[in-house]
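Participant: Chain order of the listed sequences is Z and A.
Start counting the first sequence at 32; every next residue gets the next number (the working numbering).
Start counting the second sequence at 41; every next residue gets the next number (the working numbering).
These are computed hints drawn from the structure, not numbers from a lab.
Treat the hints with caution; some may be incorrect.
With a straight-line Cα cutoff of 25 Å, these simulated SDA-like cross-link-like pairs (lysine to any residue) come out [said to hold, decoys possible]:
| no. | chain 1 | residue 1 | chain 2 | residue 2 |
| --- | --- | --- | --- | --- |
| 1 | Z | K311 | A | P96 |
| 2 | A | K162 | A | G82 |
| 3 | Z | K452 | A | K162 |
| 4 | Z | K163 | Z | R152 |
As the structure is a prediction and not an experimental result, all values here were calculated from the model.
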Amino acid sequence: MTQPFTGNLEKIDDYRWRIPQKYMPGMKVPGIIFSDEKMLKDIVKDNAPQQVANAAHLPGIVRASMAMPDIHWGYGLPIGGVVATDVEAGGVISPGGVGYDINCGVRLVRTNLEVGDVKPRIKELIDSLYRKVPTGVGSTGKIKVNFQEEKKIMTEGAGWAVKRGYGCPGDLEHCEENGAIKGADPSKVSDRVFQRGRGQSGTLGSGNHFLEVQVVDEVYQEDIASGFGIRKGQITVMIHTGSRGVGHQICSDYAQKMVNSLSKFKINIPDRQLACVPVKSDEGQAYLGAMRCAANYAWCNRQVITHLTREVFEEFFRGSAESLGINLVYDVAHNIAKLEKYEINGKMSLLCIHRKGATRAFPPGREGIPKDYGQFGQPVIIPGDMGRCSYLLVGTDAAEETFYSTCHGAGRLMSRTAAIKATQGRSIARELADKGIIVRYTGRQTLHEEVSEAYKDVTDVVDIVQGAGISSKIAKMRPIGVIKG
Amino acid sequence: MERYKQIPHTADLAAIIYGQDIKELFENSAYAMFDMMGDIEGLGASEIVKVRLVAPDRESLLISWLNELLYLSYSKRALFSEFSVTMLTETELQAEVKGQSIAKDIKRLHTEIKAATYHDLKIQQTNKIYMVTIVFDV
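Please build the complete structure, drawing on both the sequences and the hints.
Facilitator: Printed below as a string of structure tokens:
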């Protein structure tokens with residue numbers, strides 16, 4: 032299962048490696064992996080490049096099957112995969128190109144607080160956040176919604192939460208798709224999705240999801256950082272979670288439907304997990320409608336958690352969220368499919384961009400980013416592991432190469448079982464405390480599974496995307512408190 | 041003969057499942073999934089569910105079976121530990137599963153499996169033992 036990749040990887044330059052189209056007879060385009068020589072040694076170990084090659088078989092794929100430096104083996108598309116298909120040319124959409132946790136994503140929230148305001152009381156603050164924000168497997172949220180409201184969440188996304196007082200309009204302007212992607216269709220969502228997702232609004236979940244209190248350690252481009260409301264020494268909060276059971280069930284339902292439809296559309300793919308249908312087919316449109324429901328559910332989820340966080344800060348620091356400057360910098364999705372226009376062979380074409388463990392990174396001036404960020408470009412939030420750091424990047428013009436896509440995080444190096452074995456007998460909570468990081472968690476194995484050495488160093492990942500020119504560093508944040516499921 | 045063996049996978053869970061026949065392979069796949077999800081030792085049998093599924097082929101049927109059980113588990117807030125496949129063809133399955141609600145004992149659940157995936161899925165037979173490797177998304 033984890034045989035290393037033994038195919039040919041041709042060096043294009045210091046940050047780009049090609050799997051030639053002739054590697055497999057069914058490949059329609061080459062594969063391109065963004066990496067440096069050092070990271071490539073780890074990348075080939077789990078055979079993730081084979082998945083890049085498999086994805087190159089997708090009907091209608093254009094330019095290349097791409098992967099970001101945080102690539103690791105998933106199922107179907109690798110994590111870190113970016114694939115674009117030409118909608119008008121019979122291009123396909125694949126749930127395996129999005130992932131089960133639809134719109135797993137991350138948001139960065141700024142504050143006016145300095146590290147000195149928070150550090151002396153970080154343990155109490157983290158305890159308060161842990162009590163307020165539901166975490167862990169099987170957890171349920173504080174906000175109870177009925178079936179009709181769940182359908183509204185699926186179309187209104189973060190806007191549903193703001194309308195009910197869980198946030199402010201500025202939050203929506205600073206969220207990808209303004210917190211709700213158009214074209215969500217709850218009629219394409221099965222009853223079992225509602226049953227599975229019941230009670231999960233406003234919950235963090237488990238695994239690599241987290242809420243972190245951070246301090247901005249470094250700023251790389253002052254003018255852009257300032258434009259985003261970021262400065263050195265400032266306290267920020269990062270929230271990483273997704274669509275919970277809603278997304279999982281939608282992906283499951285549609286992956287099964289698409290496996291069953293492969294013969295109808297005469298599609299041959301090397302891996303059933305890449306099962307797909309033409310975007311323009313009834314089945315493709317149904318999946319898009321349902322996927323968007325899950326995406327909006329996730330944005331609502333992150334908005335509710337932001338509201339809970341604001342409530343904790345207000346009580347803790349005895350001030351309004353407004354006076355504390357608790358504002359959303361930006362929120363990005365990193366498991367999603369979008370319809371976007373790009374020039375392909377001299378013609379503007381509508382493409383279905385799959386970003387699975389990859390983040391959109393629009394350049395300055397591109398429609399779809401907040402007006403106050405127009406001159407800077409789109410903020411890109413890159414969470415690292417709980418023991419190291421995270422980054423704020425910005426999109427660049429050069430990223431047109433990847434359809435304005437970049438990495439999403441650190442990427443795993445070690446399996447969960449290997450991480451548990453390697454850390455047996457160690458108190459990860461104490462090791463983090465020794466580094467000045469207070470952690471509260473729910474799952475008994477969570478800290479062992481999520482230990483730093485189980486992940487690539489996000490700094491290496493970010494340096495590669497910067498070196499390749501597809502996004503640019505703005506700030507580095509260091510965790511001082513973490514809550515996990 | 042062991043029912044399953046967990047194997048390394050970078051980001052998710054994977055297991056090789058064994059069975060003396062195909063029915064047992066399906067039963068042991070379900071057992072493996074719930075055994076990796078939580079503590080099913082000593083679980084009661086107050087939740088009894090009959091399952092009936094159809095799929096285009098045997099591998100798809102296996103994944104449909106496991107994902108159906110996941111849906112039942114999350115929607116009923118239950119874990120299952122006993123699996124009896126009463127009818128199985130290449131494209132159809134009937135089974136009865138038994139388990140217990142863990143709504144008041146949520147600590148029994150320690151890993152949230154999102155789905156059983158189709159990745160590299162192939163049921164094989166070696167020396168009269170059926171085997172399949174399944175990757176579960178967590």
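Participant: Next, verify each hint and record whether it holds.
Facilitator: Here is what the structure says about each hint:
The suggested pairing of Z/K311 with A/P96 holds, with an alpha-carbon distance near 24 Å, which does not exceed 25 Å. Between the alpha carbons of A/K162 and A/G82 the distance comes to roughly 32 Å, so the proposed pair goes past 25 Å and is violated. Using a Cα cut-off of 25 Å, the hinted pair Z/K452 and A/K162 is violated, with the two alpha carbons roughly 29 Å apart. Taking the CA atoms of Z/K163 and Z/R152, the gap is near 17 Å; set against the 25 Å cutoff, the hint holds.
Hint compliance for this structure: hints 2 and 3 are not met, and every other hint is.
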